[in-house]
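Protein chains: 2
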Amino acid sequence: MRLFIFLSFFFVYTFAIRPGPVIQASKGAVWPKPQQQEVSETYYLIRPHSFTFEAPVNIGCPSFLDDALTRYWTIIATSITSKLEETPEANFWELDDNFLGYLETLTITLLGECPNENILPELHDNENYTLTVDSEGAFLESETIWGVLRGLETFSQLIYAEQDTLMINTTKIVDFPRFPHRGFLLDTSRHFEPVRIILQMLDAMAYNKLNVFHWHITDDHSFPYKSRTYHELSDKGAYHPVSGVYEQSDVMKIIEYARVRGIRVIPEFDTPGHTRSWGVAHPELLTSCFTDNVANGELGPMDPTKDTTYDFINNLFTEIVDVFPDSYFHIGGDEVEFDCWKSNPDVSNFMKQNNFSTYEQLESYFIQHVVDILDNLSSKYLVWEEVFVNGVELPNSTVVHVWKDNGLSTLNNVIKAGKYGLYSSCWYLSVLHSGSDWDAFYKCEPGLLLHTEEEKKLLLGGEACMWGEYVNEFSVIPRVWPRASAVAERLWSDENVVDISDAQIRLEEHACRMNKRGIAAQPPNGPGMCF
Amino acid sequence: MRLFIFLSFFFVYTFAIRPGPVIQASKGAVWPKPQQQEVSETYYLIRPHSFTFEAPVNIGCPSFLDDALTRYWTIIATSITSKLEETPEANFWELDDNFLGYLETLTITLLGECPNENILPELHDNENYTLTVDSEGAFLESETIWGVLRGLETFSQLIYAEQDTLMINTTKIVDFPRFPHRGFLLDTSRHFEPVRIILQMLDAMAYNKLNVFHWHITDDHSFPYKSRTYHELSDKGAYHPVSGVYEQSDVMKIIEYARVRGIRVIPEFDTPGHTRSWGVAHPELLTSCFTDNVANGELGPMDPTKDTTYDFINNLFTEIVDVFPDSYFHIGGDEVEFDCWKSNPDVSNFMKQNNFSTYEQLESYFIQHVVDILDNLSSKYLVWEEVFVNGVELPNSTVVHVWKDNGLSTLNNVIKAGKYGLYSSCWYLSVLHSGSDWDAFYKCEPGLLLHTEEEKKLLLGGEACMWGEYVNEFSVIPRVWPRASAVAERLWSDENVVDISDAQIRLEEHACRMNKRGIAAQPPNGPGMCF
Chain R
0 MRLFIFLSFF
10 FVYTFAIRPG
20 PVIQASKGAV
30 WPKPQQQEVS
40 ETYYLIRPHS
50 FTFEAPVNIG
60 CPSFLDDALT
70 RYWTIIATSI
80 TSKLEETPEA
90 NFWELDDNFL
100 GYLETLTITL
110 LGECPNENIL
120 PELHDNENYT
130 LTVDSEGAFL
140 ESETIWGVLR
150 GLETFSQLIY
160 AEQDTLMINT
170 TKIVDFPRFP
180 HRGFLLDTSR
190 HFEPVRIILQ
200 MLDAMAYNKL
210 NVFHWHITDD
220 HSFPYKSRTY
230 HELSDKGAYH
240 PVSGVYEQSD
250 VMKIIEYARV
260 RGIRVIPEFD
270 TPGHTRSWGV
280 AHPELLTSCF
290 TDNVANGELG
300 PMDPTKDTTY
310 DFINNLFTEI
320 VDVFPDSYFH
330 IGGDEVEFDC
340 WKSNPDVSNF
350 MKQNNFSTYE
360 QLESYFIQHV
370 VDILDNLSSK
380 YLVWEEVFVN
390 GVELPNSTVV
400 HVWKDNGLST
410 LNNVIKAGKY
420 GLYSSCWYLS
430 VLHSGSDWDA
440 FYKCEPGLLL
450 HTEEEKKLLL
460 GGEACMWGEY
470 VNEFSVIPRV
480 WPRASAVAER
490 LWSDENVVDI
500 SDAQIRLEEH
510 ACRMNKRGIA
520 AQPPNGPGMC
530 F
Chain C
0 MRLFIFLSFF
10 FVYTFAIRPG
20 PVIQASKGAV
30 WPKPQQQEVS
40 ETYYLIRPHS
50 FTFEAPVNIG
60 CPSFLDDALT
70 RYWTIIATSI
80 TSKLEETPEA
90 NFWELDDNFL
100 GYLETLTITL
110 LGECPNENIL
120 PELHDNENYT
130 LTVDSEGAFL
140 ESETIWGVLR
150 GLETFSQLIY
160 AEQDTLMINT
170 TKIVDFPRFP
180 HRGFLLDTSR
190 HFEPVRIILQ
200 MLDAMAYNKL
210 NVFHWHITDD
220 HSFPYKSRTY
230 HELSDKGAYH
240 PVSGVYEQSD
250 VMKIIEYARV
260 RGIRVIPEFD
270 TPGHTRSWGV
280 AHPELLTSCF
290 TDNVANGELG
300 PMDPTKDTTY
310 DFINNLFTEI
320 VDVFPDSYFH
330 IGGDEVEFDC
340 WKSNPDVSNF
350 MKQNNFSTYE
360 QLESYFIQHV
370 VDILDNLSSK
380 YLVWEEVFVN
390 GVELPNSTVV
400 HVWKDNGLST
410 LNNVIKAGKY
420 GLYSSCWYLS
430 VLHSGSDWDA
440 FYKCEPGLLL
450 HTEEEKKLLL
460 GGEACMWGEY
470 VNEFSVIPRV
480 WPRASAVAER
490 LWSDENVVDI
500 SDAQIRLEEH
510 ACRMNKRGIA
520 AQPPNGPGMC
530 F
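In order, the protein sequence lines correspond to chains R and C.
With numbering that gives the first Met the number 0, letter number 20 in the first sequence gets 19, and the count goes up by one each step, no holes.
With numbering that gives the first Met the number 0, letter number 363 in the second sequence gets 362, and the count goes up by one each step, no holes.
Since the hints were derived computationally from the structure, they do not count as laboratory data.
You may find that some hints are simply not true.
Stated by the list, open to error - Lysine to aspartate or glutamate pairs mimicking EDC-like chemistry, simulated, CA-CA at most 20 Å apart:
1. R/515 x C/454
2. R/415 x R/472
3. R/418 x R/468
4. C/515 x R/472
5. C/415 x C/454
None of these values were measured; they are calculated from a predicted model.
Generate coordinates for the entire structure from the input sequences, incorporating the hints supplied.
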């Protein structure tokens with residue numbers, strides 16, 4: 000039967016040099032791998048011109064789900080490859096016992112309540128769904144619209160092109176994410192990334208069931224966020240006051256584009272370090288550095304000794320909490336360099352007055368103020384691991400973002416202390432070796448040191464991080480995809496899904512799938528071509 | 000004077016964290032650096048609407064130079080940045096003593112003979128030119144049209160945008176290449192690269208004064224060249240017989256696009272290894288591999304024992320020499336795996352009959368036949384270093400392409416043996432570390448072990464090599480550029496041009512210049528933004 004060739008999920012690759020692609024892509028395999036899936040050899044054909052989603056009236060709430068149906072209809076209808084084999088074998092299915100007929104409908108049932116039109120994705124949302132394609136037809140069920148979105152993505156991935164025909168195998172899928180926080184960090188400070196690139200990233204995130212866009216929006220080199228309160232921050236601190244900024248309307252567009260895809264947008268305004276760009280417009284926020292007790296003109300981290308620093312942060316963060324609707328805010332707190340603080344006599348005096356004997360205490364003093372500001376704003380927060388390690392008092396809702404080497408041990412300490420943990424130590428997309436570079440991401444297991452169910456619940460998930468030093472708008476998408484897909488599968492699929500050979504075959508298909516959908520993913524596995 | 004700020008050629012970068020780009024780009028600096036250049040602070044403005052090239056009638060020969068003038072006029076006219084500073088300082092030049100007026104013309108003089116319309120770029124072409132911008136105007140002189148092309152590129156790079164104005168400083172340039180063979184290798188077998196990508200590569204090569212496109216067109220994984228003689232090679236051996244092949248018309252287009260930019264196209268049809276894709280249509284060309292004296296179905300390198308192998312190669316290479324007009328042909332000869340030959344009893348018998356005691360002798364026997372075929376076709380050739388190391392008898396016109404580690408010593412041996420050497424050992428673009436990864440290319444000096452003028456003359460230059468395992472059409476351009484620019488400067492500029500700090504500043508500008516001209520170059524130096 001030809002289908003045995005098509006469904007080469009378990010193709011074994013030997014290292015002998017063979018012509019053709021080094022990894023033969025799967026057909027209709029789902030990425031990330033569902034928690035439970037049975038596939039059989041019987042199949043339907045799909046004719047886009049007559050295929051529809053059957054959604055009862057209750058699926059119209061919120062109405063943005065209708066847009067999702069249109070989106071996925073388009074993806075399915077355009078997934079017939081334009082790179083056809085020379086001569087299609089006419090109607091190969093006609094004498095095939097496995098052919099079940101034409102699938103005309105996916106019936107979608109929202110089991111839970113009809114949500115408000117303005118519903119936001121949140122931490123711990125239910126994203127579960129079941130998807131059945133059997134002799135009765137195709138059925139997607141979920142308690143929530145988020146689960147419906149995840150199920151639609153899966154349904155679209157089950158469909159594959161064979162010659163000029165779309166096919167889907169019968170299958171039964173019960174699926175849910177392993178972790179509730181599956182993130183992608185993009186740094187838009189080291190290089191400015193145009194809005195269209197961010198929207199493409201959000202598309203790709205949805206194709207990989209990632210659900211948190213961690214927007215590392217500012218850093219030392221530029222301040223591209225155009226604030227309503229302090230527009231001078233980007234007027235002077237962006238690379239360019241017009242071409243290098245995110246207007247309020249851009250931010251709105253990004254948040255909404257993410258929301259309707261079930262993706263949270265968590266902004267990061269890193270302090271007290273990584274703030275050099277703030278000081279172009281507001282040098283008074285930063286510490287003056289001294290050489291031999293004389294101010295040398297350089298500026299360091301934020302000045303923790305002045306009340307005016309906290310007033311400014313309070314004003315700005317009040318705006319940010321209003322602009323970004325997510326209940327979490329990433330307040331940074333990483334890599335504070337103490338040299339400048341050490342050099343400044345006012346800082347030294349301040350430490351004496353407050354009986355601080357270490358600069359970690361001073362850093363904690365600063366962060367404690369920021370944390371208090373956010374508590375007053377009723378916003379929860381994420382912090383980089385240094386904040387926890389340095390002993391800042393944090394409420395248990397805080398998420399500690401672990402990023403340094405030896406992260407598993409730090410993560411263990413975070414969770415032992417009853418805080419939420421988020422992991423990134425092994426998922427830095429800036430780390431390169433061969434150019435392919437996804438297998439180490441795939442093999443990394445964040446829960447290795449966690450044993451009890453309670454501990455495991457405190458590990459919220461992780462994030463693939465794309466720091467911006469060496470990527471611009473031309474290189475960032477192929478640098479990220481499909482490498483971040485490896486992280487996406489680790490965070491969604493069961494922890495026993497660790498077979499690299501199986502992953503290679505599915506990722507080969509998935510990278511090509513992304514290409515077909517307009518995402519400029521690079522090749523994951525070596526020689527090959529997408530069809 | 001404002002110009003002091005503009006012309007920050009020798010800006011010293013300190014490692015303190017400063018807002019803004021980590022490297023401040025130069026303005027109007029030339030890449031690769033000219034052999035001799037004096038720049039002064041006086042400048043002209045250029046108004047694209049009235050600027051023209053003044054070329055005496057003799058410049059119309061060949062007429063493709065007119066196309067080059069149009070191309071460069073467009074580049075210049077569109078090089079005003081669209082990312083303007085907010086409020087241009089109105090007419091900043093009006094009270095500036097350094098302002099010389101408006102430059103209306105570049106006068107071009109072809110000192111040598113008017114060449115034939117069909118002239119081809121060749122090894123050892125004269126590419127010298129002089130370019131003068133002084134109070135009398137702007138003047139480009141060259142003996143050859145190739146020198147005129149290089150000078151036009153330089154002229155276009157001297158012009159920079161300041162606010163909404165184009166400027167050019169007075170300067171005197173005497174320029175010529177250090178090496179005659181400055182190449183870029185692209186592997187179109189591991190991944191197929193669309194013709195539009197190759198044309199973009201040729202554009203970028205011209206912007207970097209590279210003059211040889213080494214087209215590694217076939218390899219184990221696919222055979223994308225559609226042969227007139229043996230079209231089944233690509234019908235069966237390409238990734239796809241339609242979407243994954245270069246038609247004859249594509250090849251013609253690429254050769255012509257290169258030619259009018261002064262770029263030679265050298266095809267490589269690698270044998271006897273790296274030929275697995277040939278065997279899909281013609282398995283009889285390859286050696287059958289055996290396990291325990293039984294053919295195991297695997298195929299190895301070409302079968303060196305059969306006359307029919309050489310007949311086939313003769314027929315194909317007769318076509319290739321006709322299709323590709325360059326007088327050189329790269330015949331490969333690298334990485335021949337002996338295991339399959341060793342396993343095959345016919346090969347063993349053949350070796351006994353011919354008194355071969357080593358497989359290197361057998362390889363030499365094969366290559367000797369290929370070399371004889373090319374000698375009969377009056378084509379010169381390049382070979383990978385193994386061919387030389389294994390002792391194949393080669394005429395002194397042969398170019399030995401050194402690529403392995405310890406290449407300087409091999410290169411020295413090549414040249415001591417009186418052969419031409421070409422260097423690539425340190426210029427593999429697939430080697431990655433930080434993502435930026437051009438400084439090691441820049442620091443690599445191929446002539447280190449060569450002392451006499453005679454030895455130095457035998458070193459023809461080098462090539463930056465982009466092997467195709469991990470790059471597709473979406474990632475290959477940012478992977479190559481501006482990293483190959485580092486190689487381009489090493490091969491064009493004086494060997495004393497080794498200052499990385501100076502190079503960083505100019506490369507920052509050059510990468511942005513390429514972006515502006517439509518080349519999706521990645522950032523070379525870390526945080527920054529192009530204007």
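A quick look at each hint next to the structure:
1. Straight-line distance between C-alpha atoms of residue 515 of chain R and residue 454 of chain C comes to about 52 Å, which puts the hinted pair past the 20 Å bound.
2. Under the criterion of a C-alpha separation no larger than 20 Å, the hint pairing residue 415 of chain R with residue 472 of chain R is inconsistent with the structure, at around 41 Å.
3. Between residue 418 of chain R and residue 468 of chain R, the direct Cα distance comes to roughly 31 Å. Violation of the 20 Å bound is thereby established for this hinted pair.
4. Between residue 515 of chain C and residue 472 of chain R the CA atoms are separated by roughly 13 Å; this keeps the pair inside 20 Å, and the hint holds.
5. Restraint check for residue 415 of chain C and residue 454 of chain C: satisfied, since their Cα atoms lie roughly 7 Å apart, inside the 20 Å limit.
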